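Trainee: One letter stands for each residue in the lines below.
Protein chains: 2
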Amino acid sequence: MFKIDKKSTECRARAGQLKTATNIIHTPVFMPVGTQGIVKTLTYKDIEYLGYEIILANTYHLYLRPGHELIKRAGGLHNFTGHKKVSYLTDSGGYQVFSLSDLRKITEGGVVFRSHLDGSKHLFTPELVIDIQEALNSDIMMMLDECPPYPATEGYVRESLELTLKWAKRAKAHKQHNHQLLFGIQQGGMYKDFRRRSAEELAALDFDGYAIGGLSVGEPKDLMNSVIDYSTDMLPQDKPRYLMGVGTPLDILNGVEMGVDMFDCVLPTRNARNGSVFTANGILRIKNQRYMEDSRPIDPECDCYVCRTYSRSYIRHLYKANEISALYLLTLHNLYFMKNFMNNMRKAILSDDFLNFKKKFLEKFLNNVNI
Amino acid sequence: MFKIDKKSTECRARAGQLKTATNIIHTPVFMPVGTQGIVKTLTYKDIEYLGYEIILANTYHLYLRPGHELIKRAGGLHNFTGHKKVSYLTDSGGYQVFSLSDLRKITEGGVVFRSHLDGSKHLFTPELVIDIQEALNSDIMMMLDECPPYPATEGYVRESLELTLKWAKRAKAHKQHNHQLLFGIQQGGMYKDFRRRSAEELAALDFDGYAIGGLSVGEPKDLMNSVIDYSTDMLPQDKPRYLMGVGTPLDILNGVEMGVDMFDCVLPTRNARNGSVFTANGILRIKNQRYMEDSRPIDPECDCYVCRTYSRSYIRHLYKANEISALYLLTLHNLYFMKNFMNNMRKAILSDDFLNFKKKFLEKFLNNVNI
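Listed in order, the protein sequences are those of chains A and B.
For the first sequence, the working numbering assigns the number 814 to the initial residue and increments by one for each residue that follows.
For the second sequence, the working numbering assigns the number 814 to the initial residue and increments by one for each residue that follows.
It is possible that part of the hints are untrue.
One copy or two, it doesn't matter: identical chains are merged, so the pair holds either way.
[As the list claims (entries may be wrong)] Once the Cα atoms are required to be at most 27 Å apart in a straight line, the calculated BS3-like pairs of lysine-lysine come out as:
1) Lys-858 / Lys-897
2) Lys-982 / Lys-1160
3) Lys-1173 / Lys-898
4) Lys-816 / Lys-897
5) Lys-1034 / Lys-934
6) Lys-934 / Lys-1100
7) Lys-1152 / Lys-832
8) Lys-1152 / Lys-858
9) Lys-820 / Lys-1177
10) Lys-816 / Lys-988
11) Lys-898 / Lys-858
12) Lys-1100 / Lys-1172
13) Lys-820 / Lys-858
14) Lys-988 / Lys-898
15) Lys-934 / Lys-1177
16) Lys-1133 / Lys-898
17) Lys-897 / Lys-1133
18) Lys-1100 / Lys-885
Because the hints were derived from the structure by calculation, they are not lab data.
It should be emphasised that the depicted structure is a prediction, and the values quoted were computed from it without experimental measurement.
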């Protein structure tokens, strides 16, 4: 399922291929978020144009509306959406339960919550979350976990980890479909011993991949990086490692350097819709007055359709005039930037030049001048 | 500039070619509305995909924001937008002054109004409206006119027509650029004698084309059709005739039958964003509960990207979930439908089969069953 093409000799970065029921995903990979099965503002031909091999869809949203049973009757997510050749990773829904819904109550059985749509009451159990994702027929499923807040006491994190490990066993035992991959999620807060225990217990269950969970929850960046640093070493070497909800180009470079293979984040798409886009020289905010008559493309170094066709001046005008087309253009550019960034990173790993690539990229990107 | 390829022997329908500074426009033509230079939710590659040769941009909006001087400095509308190979028709701004702005005061000099954006006070004169459109460097410009409401007294319409005719002379006299076409606008309310006088005076000024104005303002359909019926005969035979703000497929068929060459309307795009789309069998409202699990495309007879990729069920889901992608898909389909409709109509005229085409199209379209 997961084949490592190349390991860096300078660091823990690796380039690999993850085979799913749908296609082969080249790692390191960034997965754009497509809550309803499609990245916001885009359609499938854009995903094909951009070359993304996998997108993330949200179990919580699809469960509430239109419902996993409806999607199952439509032949699963690929048939329902018509997006046949791109892999779907579905999350467990746990994160959205905590961020979007009301009245959350966690018991050993699962988590009770109220829908953000109509206030209706629901129970997610480790088993139901597998059932839902099997109905969706996604390519990669995630187990239900509990993510401790930051900061959290050792006692809280210990108890939370025990629960997550029980849920991991139940998820694994409940899985029916062989063609869908199931990833375990490492928890343990900022406690190294708990992270180790979590990694070891999950490895014993032999998941198809392992996510590092419970990060990007408000802890300092250094602490996050130190947890990633030791966690990747604790997780099996021959399976894909997925850092959930991360992140910025800098975070991704750091993650890859430490041996992470997969990332997802709403940042490139949400920021695009807020008028903030990536360029080789840093971040550009299209609303800025100084782009009012700037006839240059968003990123003069970018080959994307948007940069080959549209000026900053016109995109800024469309954005200020609340034209939906502007949100599309900014999203398309940002995801092209991210895909190009990941492609170049993979090439650098294959030619064992990752650290040089990272240095050169960041020198320009963090310098943030002449934009 | 305007060449007639074929006149129907059965009715007044005609197929022609209108040459602009940018390209050749095949008539009869439907022009989608692109207020800010692009059709809402789309980008230029969609216009190319759909095959539209001309789109309408709104002078009023572009004048207020970002301003015609800025667009002039950017090299005109084609350079500002990056849309190099599609013709632009710009309207006079008069209609938006009446529909969007406050404090309108008409004098012989022009019309004073307040911006709907910031309340600032502006004066549109026949000369300024030409200056603005020359700054925009559109392919087809429209003269400023006054459009009487319906109903209006004979006295009101007479006075209004005199004003519009004075403005026509001033517009024509003020035009500087030879490469931009300028269309006159026939007014005269529902009064045949005024319509004749308007047509004759405009013809004497030798415009590049003639619009039929002052319709679709609340009058009964029969009355509208009777005004179109006699007006097309009054207007020069060798110049394009443009029915402004119309309309539905039925209205367009009737207009073409009576000798109209050009149409524009927000209907296919605005209705799409409201979830209402055309099919060969009539109008489909995607919000309808009965499409919840309908795996068919919007229009099984349609070859567009949307119909080849997406189901009613999924588009309905995206629409209900307020996903922007749904607005794009519905808009793209509707404009594909309209372009295909216009292409087929032109083919029918060329093979002198227009009335049969009209009959067959309407039999299915108005039947509205099995959708």
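Trainee: Does each hint hold? Answer for all of them.
Mentor: Status of the hints after comparison with the structure:
Within a single copy, Lys-858 and Lys-897 get their C-alpha atoms as close as 11 Å, and across copies as close as 23 Å, so both meet the 27 Å cut-off. Proximity of Lys-982 and Lys-1160 under a CA criterion of 27 Å is satisfied in neither setting, with 37 Å inside one chain copy and 66 Å between copies. Proximity of Lys-1173 to Lys-898 under the C-alpha cut-off of 27 Å is found in neither arrangement, the shortest distances being 34 Å within a copy and 39 Å between copies. In this assembly of identical chains, Lys-816 and Lys-897 lie within 27 Å of each other by CA distance solely inside one copy; the values are 23 Å within and 47 Å between copies.
For the homomeric pair Lys-1034 and Lys-934, neither the shortest alpha-carbon distance inside one copy (36 Å) nor that between copies (52 Å) is at most 27 Å. For a Cα distance limit of 27 Å, the shortest separation of Lys-934 from Lys-1100 across copies, 25 Å, qualifies, whereas the shortest one inside one copy, 41 Å, does not. Proximity of Lys-1152 and Lys-832 under a CA criterion of 27 Å is satisfied intra-copy only: 19 Å inside one chain copy versus 42 Å between copies. Both within a single protomer and between protomers do Lys-1152 and Lys-858 lie at most 27 Å apart by alpha-carbon distance, with minima of 15 Å and 21 Å respectively.
For a Cα distance limit of 27 Å, the shortest separation of Lys-820 from Lys-1177 inside one copy, 26 Å, qualifies, whereas the shortest one across copies, 63 Å, does not. For the homomeric pair Lys-816 and Lys-988, the shortest alpha-carbon distance inside one copy (23 Å) is at most 27 Å, but the shortest distance between copies (69 Å) is not. With identical chains, the CA atoms of Lys-898 and Lys-858 are at most 27 Å apart both within one copy (11 Å) and between copies (23 Å). Proximity of Lys-1100 and Lys-1172 under a CA criterion of 27 Å is satisfied in neither setting, with 30 Å inside one chain copy and 51 Å between copies.
Proximity of Lys-820 and Lys-858 under a CA criterion of 27 Å is satisfied in neither setting, with 33 Å inside one chain copy and 41 Å between copies. For the identical chains of this complex, Lys-988 and Lys-898 are intra-copy neighbours only, at 24 Å inside a copy versus 55 Å across copies, given an alpha-carbon limit of 27 Å. In the homo-oligomer, the alpha carbons of Lys-934 and Lys-1177 never lie at most 27 Å apart, since the shortest distance is 50 Å inside one protomer and 46 Å across protomers. Taking the shortest alpha-carbon separations for Lys-1133 and Lys-898, only the inter-copy value of 25 Å comes in at or below 27 Å, while the best intra-copy value is 36 Å.
With identical chains, the CA atoms of Lys-897 and Lys-1133 are at most 27 Å apart between copies only, with a shortest distance of 22 Å across copies and 36 Å within one. Proximity of Lys-1100 and Lys-885 under a CA criterion of 27 Å is satisfied inter-copy only: 21 Å between copies versus 43 Å inside one chain copy.
In terms of the numbered hints stated before, the structure departs from hints 2, 3, 5, 12, 13 and 15, listed from lowest to highest.
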